[in-house]
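There are 2 protein chains.
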Amino acid sequence: MPQPESRTPQRSGAERKPRDERRAEVLEAATQIFYEKGYEASALRDIADRVGMLKGSLYYYFQSKEDLLFQVISAVHREGLAVIRERAALPGDPLQRLENVIAGHVEHTCRNLVATAVFLHELSALPTERRQEILGTEHAYQGVFRGLIDQAQGEGLARADLDPRLAALSVLGSTNWVYRWYRPGGEFTPEQIGAQLAELAIRGVATPTALAARFP
Amino acid sequence: MPQPESRTPQRSGAERKPRDERRAEVLEAATQIFYEKGYEASALRDIADRVGMLKGSLYYYFQSKEDLLFQVISAVHREGLAVIRERAALPGDPLQRLENVIAGHVEHTCRNLVATAVFLHELSALPTERRQEILGTEHAYQGVFRGLIDQAQGEGLARADLDPRLAALSVLGSTNWVYRWYRPGGEFTPEQIGAQLAELAIRGVATPTALAARFP
Chain A
5 MPQPESRTPQ RSGAERKPRD ERRAEVLEAA TQIFYEKGYE ASALRDIADR
55 VGMLKGSLYY YFQSKEDLLF QVISAVHREG LAVIRERAAL PGDPLQRLEN
105 VIAGHVEHTC RNLVATAVFL HELSALPTER RQEILGTEHA YQGVFRGLID
155 QAQGEGLARA DLDPRLAALS VLGSTNWVYR WYRPGGEFTP EQIGAQLAEL
205 AIRGVATPTA LAARFP
Chain B
5 MPQPESRTPQ RSGAERKPRD ERRAEVLEAA TQIFYEKGYE ASALRDIADR
55 VGMLKGSLYY YFQSKEDLLF QVISAVHREG LAVIRERAAL PGDPLQRLEN
105 VIAGHVEHTC RNLVATAVFL HELSALPTER RQEILGTEHA YQGVFRGLID
155 QAQGEGLARA DLDPRLAALS VLGSTNWVYR WYRPGGEFTP EQIGAQLAEL
205 AIRGVATPTA LAARFP
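Going down the list, the sequences are from chains A and B. What the first sequence shows, in this note's numbering, is residues 5 to 220, in sequence order. What the second sequence shows, in this note's numbering, is residues 5 to 220, in sequence order.
Bound conformation, chain A alone (with noise of 0.2 Å):
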């Protein structure tokens, strides 16, 4: 059924919600609206539409239709660089925490399929000043794999012939990679899913004793 054109914006209430909340609810529907439309044809109607709101009213939380996807994309990076970050933290070698890193960055992934799928499709649609500003958040998410197998190789715990960059890379399209295939609700858990990647990854890039002692 095709959509009407134009809606009357359901505004009843709308203008008592706290600010931060009705932003949060801009951000939300604008996340959905890129993914299903695609940024390009994405219109700032269809946002305002699917919140209640009057396309004029949006300018009181975004600048443009581009600051709106600027505020999705470093949104959904800037938590999932927080869940690494935070469990890069953790107690425990190199190894354990890389683990723990690779199954957190699948489980956020699992929980943020439509926004990481913005973030991933749409990051170009940004000018290259504010994609920069995004890719040195990129770059510092590689850096938290790159800098725990660094580590590992120099505590002996990884193979000293392999690349930390590419091992890095290769852990990073395993696990981002969930975003195309994983459904809520299907045969494993986004836990299941995280333990799995990351045991894979981990016997990818482990010495045979390390491994010995992590899978007896």
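Any given hint could turn out to be false.
Unchecked claim - Listed below are the simulated SDA-like cross-link pairs for lysine to any residue, each with C-alpha atoms no more than 20 Å apart in a straight line:
#1 A/Lys-41 <-> B/Arg-135
#2 A/Lys-69 <-> A/His-81
#3 A/Lys-69 <-> A/Glu-32
#4 B/Lys-41 <-> A/Glu-133
#5 A/Lys-41 <-> B/Lys-21
#6 A/Lys-69 <-> B/Lys-41
#7 B/Lys-69 <-> B/Gln-136
#8 A/Lys-41 <-> B/Arg-134
#9 A/Lys-41 <-> B/Lys-41
#10 B/Lys-41 <-> A/Pro-131
#11 B/Lys-41 <-> A/His-81
#12 A/Lys-41 <-> B/Ala-52
#13 A/Lys-41 <-> B/Ala-121
#14 B/Lys-41 <-> A/Ala-45
#15 A/Lys-41 <-> B/Ala-45
#16 B/Lys-41 <-> A/His-125
#17 B/Lys-41 <-> A/Gln-136
#18 A/Lys-69 <-> B/Ala-45
#19 A/Lys-41 <-> B/Tyr-39
#20 B/Lys-41 <-> A/Arg-134
#21 B/Lys-69 <-> B/Glu-137
#22 B/Lys-21 <-> B/Ala-52
#23 A/Lys-41 <-> B/Gln-136
#24 B/Lys-41 <-> A/Glu-32
#25 B/Lys-69 <-> A/Glu-44
#26 B/Lys-41 <-> A/Tyr-39
#27 A/Lys-41 <-> B/Leu-130
#28 A/Lys-41 <-> B/Glu-44
#29 B/Lys-41 <-> A/Arg-135
Bear in mind the hints are in silico, worked out from the structure with no lab data behind them.
Please build the complex by placing chain B on the supplied structure of chain A, with the hints as guidance.
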């Protein structure tokens, strides 16, 4: 410098080229334009201009913009599938063949970055029927990896506690991801990247005995 709004098509000699050659040129230009602008924002006029054709002449080769996208996506997918099926059929035990398939897939992706990006980002722009046609192939793709892991388990070469589907998706993620970070002329060749990602994957899935035999 902004592009001129309309450009005089450079048609000199164009019509004298064989039909197949012109068709391939249109496909290549479409791949590039879809990559640069996104499918939604791309116009047939952009593609016609790029190959020095009149827009109307495109219909001699393709029915519509959607048909062009379908041809771009199915071509890169069909070729990639041919590469991995060929390698999967070579002599060797299932782990050796899996290693070879992974390396081949990475090399193919590195050499077809733009078309792979269009495939991965724009598949959802196709109508359900044509998407299903490709998705069938995507599962065929995944099936090659999964089938080899299944066989390796059957022969006691891959860990029995591994879920073959999750393992196949992990390998596909690690290897597909290359399209996001590989740049020609960088630190590593496609062959080096293929070999490293293959080793990481094989170590992830192999039994300790198979691993000791493969990487003594």
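Against the structure, the hints come out as follows:
Taking the CA atoms of A/Lys-41 and B/Arg-135, the gap is about 16 Å. The hint holds against a cut of 20 Å. The suggested pairing of A/Lys-69 with A/His-81 holds, with an alpha-carbon distance near 18 Å, which does not exceed 20 Å. Taken as a hint, the A/Lys-69 and A/Glu-32 pair is honoured in the structure, with Cα atoms around 14 Å apart against an allowance of 20 Å. This hinted pair checks out: B/Lys-41 and A/Glu-133 have alpha carbons roughly 18 Å apart, not beyond 20 Å.
The straight-line distance between the Cα atoms of A/Lys-41 and B/Lys-21 is roughly 38 Å, outside the 20 Å bound, and the hint therefore fails. For the suggested pair A/Lys-69 and B/Lys-41, the alpha carbons sit about 17 Å apart, so the restraint of at most 20 Å is met. For the hint pairing B/Lys-69 with B/Gln-136, the CA-to-CA distance comes to about 18 Å; that is within 20 Å, so the pair holds. For the proposed pair A/Lys-41 and B/Arg-134, the alpha carbon gap of about 18 Å is at most 20 Å, so the pair holds.
Our distance criterion of 20 Å between C-alpha atoms is met by A/Lys-41 and B/Lys-41, whose separation comes to about 15 Å. Using a Cα cut-off of 20 Å, the hinted pair B/Lys-41 and A/Pro-131 holds, with the two alpha carbons roughly 13 Å apart. Restraint check for B/Lys-41 and A/His-81: not satisfied, since their Cα atoms lie roughly 24 Å apart, outside the 20 Å limit. As the CA atoms of A/Lys-41 and B/Ala-52 are separated by approximately 25 Å, the hinted pair breaks the 20 Å bound.
Distance check on the hinted pair: A/Lys-41 and B/Ala-121 sit about 18 Å apart at the alpha-carbon level, within 20 Å; holds. This hinted pair checks out: B/Lys-41 and A/Ala-45 have alpha carbons roughly 12 Å apart, not beyond 20 Å. A C-alpha spacing of about 12 Å is found between A/Lys-41 and B/Ala-45, which places the hinted pair at or below 20 Å, so the restraint holds. Only pairs whose Cα atoms come within 20 Å are accepted, and B/Lys-41 paired with A/His-125 is accepted, the gap being roughly 12 Å.
Among the hinted pairs, B/Lys-41 with A/Gln-136 is consistent with the structure: their alpha-carbon atoms are about 19 Å apart, no more than 20 Å. Only pairs whose Cα atoms come within 20 Å are accepted, and A/Lys-69 paired with B/Ala-45 is accepted, the gap being roughly 16 Å. Of the pairs offered as hints, the one joining A/Lys-41 and B/Tyr-39 holds, with about 17 Å between alpha carbons and a cut-off of 20 Å not exceeded. For the proposed pair B/Lys-41 and A/Arg-134, the alpha carbon gap of about 18 Å is at most 20 Å, so the pair holds.
With a CA separation close to 17 Å, the supplied pair B/Lys-69 and B/Glu-137 stays within the 20 Å bound. With a CA separation close to 16 Å, the supplied pair B/Lys-21 and B/Ala-52 stays within the 20 Å bound. With a CA separation close to 19 Å, the supplied pair A/Lys-41 and B/Gln-136 stays within the 20 Å bound. Of the pairs offered as hints, the one joining B/Lys-41 and A/Glu-32 is violated, with about 25 Å between alpha carbons and a cut-off of 20 Å exceeded.
Proximity of B/Lys-69 to A/Glu-44 is assessed by CA-CA distance (about 17 Å); at most 20 Å being required, the pair is judged to hold. Taking the CA atoms of B/Lys-41 and A/Tyr-39, the gap is about 17 Å. The hint holds against a cut of 20 Å. Taking the CA atoms of A/Lys-41 and B/Leu-130, the gap is about 12 Å. The hint holds against a cut of 20 Å. Taking the CA atoms of A/Lys-41 and B/Glu-44, the gap is near 9 Å; set against the 20 Å cutoff, the hint holds.
With a C-alpha separation of about 16 Å, the suggested pair B/Lys-41 and A/Arg-135 falls inside the 20 Å cut-off, and the hint holds.
Going through the hint list in order, the structure does not satisfy hints 5, 11, 12, 24.
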